[in-house]
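Novice: Below, each chain spelled out in residue letters.
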Amino acid sequence: MEYDVTIGIEIHCQLKTNTKMFSGAPTSFGRMANTCVNEIDLGHPGTLPCLNKEAVAKAIQACTALHLEIDPLVKFDRKNYYYSDLPKGFQITQQFHPIGRNGYIKIVTDEGEKKIRINRIHMEEDTAKQFHLSKMSLLDFNRAGTPLVEIVSEPDMHNGQEAEKYVEALRQTLYYLGVSDAKMEEGSMRCDVNVSISPKGSGKLGTKNEIKNLNSISHIGKAIDYEVERQKELIEKGEEILQETRRFDEKTNTTVLMRRKEGNVDYKFFPEPNIFPIRLDPAWIKEIQENMGELPEERKERYLNQYGLSEHDVDILIANKEMSEFYENIMKHTDNAKSACNWLLGDVSAYLNKHELSIENSSLKPEAIAKLVALVDEGKISGAQAKKLVDDMMEGKDPEESAKEKGMAQVSDASALTDMVNSVLDANPQAIEDFKNGKDKAIGFLVGQVMKVSKGTANPAMVNSILKEELSKR
Amino acid sequence: MIKELAKNKEGAKERCLKAYEEAKKLQDKLNHVITFIDPSEQCEEIKEGKMAGVPIALKDNVNTKGIKTTAASQILSNYVPIYDAHIATKLKDAGAVCIAKTSMDELAMGGTNLTSFIGPAYNPWDTRRMTGGSSGGSAAIVASGTVPMAIGSDTGDSVRKPASFCGVVGVKPTYGRISRYGIIPYASSLDHVGYFTRSVEDAALTLEVLAGRDDRDMTSSYREVEAYSELLNGDLKGKRIAILKNVTDALHEEETRKIFFDLMKKMEEKGAIVEEVSLDENLMKAILPTYYLIANCEATSNHSNLDGLRFGYREEGSDMQEIMTNTRTKGFGPLIRRRFVIGSYGLFEENQERLFRKGQKVRRLIVEEVKSCLEKYDAIVAPASGSIAPLIDAQKDQDELSDEYLITENYMALANFSGYPSMTVPMGFIDGCPIGINITCGAFEEVKMFNIAEGIEEITGYKDLKAEVK
Chain A
1 MEYDVTIGIE IHCQLKTNTK MFSGAPTSFG RMANTCVNEI DLGHPGTLPC LNKEAVAKAI
61 QACTALHLEI DPLVKFDRKN YYYSDLPKGF QITQQFHPIG RNGYIKIVTD EGEKKIRINR
121 IHMEEDTAKQ FHLSKMSLLD FNRAGTPLVE IVSEPDMHNG QEAEKYVEAL RQTLYYLGVS
181 DAKMEEGSMR CDVNVSISPK GSGKLGTKNE IKNLNSISHI GKAIDYEVER QKELIEKGEE
241 ILQETRRFDE KTNTTVLMRR KEGNVDYKFF PEPNIFPIRL DPAWIKEIQE NMGELPEERK
301 ERYLNQYGLS EHDVDILIAN KEMSEFYENI MKHTDNAKSA CNWLLGDVSA YLNKHELSIE
361 NSSLKPEAIA KLVALVDEGK ISGAQAKKLV DDMMEGKDPE ESAKEKGMAQ VSDASALTDM
421 VNSVLDANPQ AIEDFKNGKD KAIGFLVGQV MKVSKGTANP AMVNSILKEE LSKR
Chain B
1 MIKELAKNKE GAKERCLKAY EEAKKLQDKL NHVITFIDPS EQCEEIKEGK MAGVPIALKD
61 NVNTKGIKTT AASQILSNYV PIYDAHIATK LKDAGAVCIA KTSMDELAMG GTNLTSFIGP
121 AYNPWDTRRM TGGSSGGSAA IVASGTVPMA IGSDTGDSVR KPASFCGVVG VKPTYGRISR
181 YGIIPYASSL DHVGYFTRSV EDAALTLEVL AGRDDRDMTS SYREVEAYSE LLNGDLKGKR
241 IAILKNVTDA LHEEETRKIF FDLMKKMEEK GAIVEEVSLD ENLMKAILPT YYLIANCEAT
301 SNHSNLDGLR FGYREEGSDM QEIMTNTRTK GFGPLIRRRF VIGSYGLFEE NQERLFRKGQ
361 KVRRLIVEEV KSCLEKYDAI VAPASGSIAP LIDAQKDQDE LSDEYLITEN YMALANFSGY
421 PSMTVPMGFI DGCPIGINIT CGAFEEVKMF NIAEGIEEIT GYKDLKAEVK
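Protein chains in written order, with my numbering: chain A, 1 to 474; chain B, 1 to 470.
There's no promise every hint is true.
[Stated by the list, open to error] Cβ pair distances, simulated, as ranges:
id : chain 1 : residue 1 : chain 2 : residue 2 : range
1  : B       : Arg310    : A       : Glu186    : 19 to 27 Å
2  : B       : Glu48     : A       : Ile278    : 32 to 40 Å
3  : B       : Arg354    : A       : Glu69     : 52 to 60 Å
4  : B       : Glu350    : A       : Gly238    : 30 to 38 Å
5  : B       : Arg310    : A       : Lys388    : 56 to 64 Å
6  : A       : Glu69     : B       : Glu349    : 21 to 29 Å
7  : B       : Ser318    : A       : Lys129    : 16 to 24 Å
8  : A       : Gly24     : B       : Glu254    : 56 to 64 Å
9  : A       : Pro282    : B       : Asp93     : 33 to 41 Å
10 : A       : Asn342    : B       : Arg310    : 54 to 62 Å
11 : B       : Gly461    : A       : Trp284    : 54 to 62 Å
12 : A       : Glu186    : B       : Asp280    : 55 to 63 Å
Because the hints were derived from the structure by calculation, they are not lab data.
Note that CB positions come from ideal geometry on N, CA and C, so glycine has one too.
Sequences and hints are given; from them, build the entire structure.
Specialist: In structure tokens, the structure reads:
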């Protein structure tokens, strides 16, 4: 039987603010446990929440970029439940009046462009982190109170690829805006996926299962693929699909049962009495919206027009904001957009991967790539030689100077090249024969031989023309 | 009195030590203090200010850094705060010296001061009687003359009721006038910081010290703090006074009626325009149930942080969830647990609309009613209690559905619903025990309220009353 797959995604994203959602304590990642906390984060008696204006501004930016309608009346509610990672015994969230409603984001899949609708974005606070050891449990409250937005999609996705593209598009957008670090592996962006299947064309939604806390984009697709198969098997065996919360096991690429949902938990939501509703000044909202950074889709458009790069190259460039900004800095010093892009996405990226570096914390300077491109373009060194300069350049050296140090210079002297060509021709009579018999490939072979003799220093374009000339003489 | 004391900074140490010793001496009879604070150290570095060297006391739900703060509950019996409440800092900055953390009803939930984990507080005028609550310890320590000012908190009438029973001035200013940061809460939308003094002048001065915007309490007001004590004139001439007739109609205690109406006559003689006003009787009867509903709902959520994991008393268990359950089961008194159950019930999704939300709607209607009355009058007045403080041992045979109980004994929560300023001053004595009158004015009309109170104080002469504790 064929099935319709329906997928909805909830994403929790930590906002990149200096302080917490409702307290003046610093936000942190990777700091010593329980050092970024104050009495508010620990839920001490008598503490009161104080709303972080910066967090509201970031939420407004997220809403704007994702085309949501912004509710200018900001209200908060309490979600009440007891858990050891929840210091106050309630979470302050926006149950009844989310800051944003009804937006969308565009994704491109194998089937073309598609809009995924976003139901709502609301602000809330993060919980503490728990570590369960064999004989004890530890609590780190550094994360408690960190500002979050929860982004809830409509059930508009129908396969793993769409889900992955959706999350990637959101990640890029939020990261570009500086709204969030959006690092799934560090937990600053966390993803819960709801999956249900139903017989094709039935128009009914099946029982949904929630897969919690997916921590990389590639896991999303794998988890969905597995979950769809699992549910299909159950249906085909005539078994009932129960409403469950599951997690993804990366070792086996399967989803594992965490708990069954038996009726909904009653969180006793009610309006937070310590924060009166706040009417946002329209001028303030406008100011925030007008001062937003460039969005990935805008940047893509600009690169296609301004640099004439292929869509494929542009997609790779803008997927990494720092890489694309580095690229723009290179382009301040060169006009050869294609070449600069090739170096960056080729040898430079390979070096960064190998050394586990990111572009912004490597010693590479944008001017260096521009110089390298110029050295090759002006025929001063060959491409092969240029490749040998990459390691030096990545350590911060000037390619022109290291070319000199290494004694590199491209041989563009016609008489020297003619000598080399003739010595190669003398040594390869068979190739001359082949050429005369119309085998054009022989030219390539001979150029290669000249380059070899010159140890890569020969100017390939000149070798080519001299070769043809000398061949005609024989 | 505070003004004079603050002028004599040299006598501060002696004065504060004397207050401290006196409070300790009275503890046997009054049981009004949870933690005594030896003032010697504080006296070494008294700041210049409106309360320089003046001994004061704080209700034990006011957080004091490094000094145990229990809210009179087992669950916080070993809690030592890591920060000072906003008002604790303000008082310190004004030069005040805290000598005691006073007893109260457990977590400020109660009107008797009989539910403190150290046992009842006793009324300084007659130790067989209760102080009223929940700020009973603070009312008692001021009434006994030990300190000229003590902090309380008022969610339903927790300052104004004990003020009536203990013969002192009890003030609850406008919601937002004083920051609540660092006060262990009861019900956030109804909680107010309040205080006790023995004169209206001291009450006015105290508000100058406590009031003002605090960025850590988003509900605190930006409105400028007025020079309340300098604006005092006690002038009743032309003041339009509304007697809350629903309260006096349901009041059957003849002596209370006589004291109250005699006072009204004297106020008229001083030029006040006194009229009886009836508010909607159904709404008046709804005050108490509405109050309980909203207060218990908010309280059950507010106190969810008391779980034994991060601070306070802990009852062990095999995992964190069990520690939380055990701690909360053993740490709260039976009345508190009952209130939490009621509060949770009112918040359940299937009940919330017809209980908590309905309570909010009724609250709004009551506030509208009070507001429209205060558009025509300067103040609403009525006896602050039907009678003097009840005997602690007396069998409680009150009919909790009678008008007398529903309205006369519990109407003062309307100032918590509205957030309007409200205060109690002594108006007379019955069997040697005091009883007070309550005055409520419009939002931020503290100056007007203090002036009416001062006018009353001039009529009664009940200024700087001091109970002889026997």
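Novice: May I ask which of the numbered hints given earlier this structure violates, with the numbers listed in increasing order?
Specialist: 3
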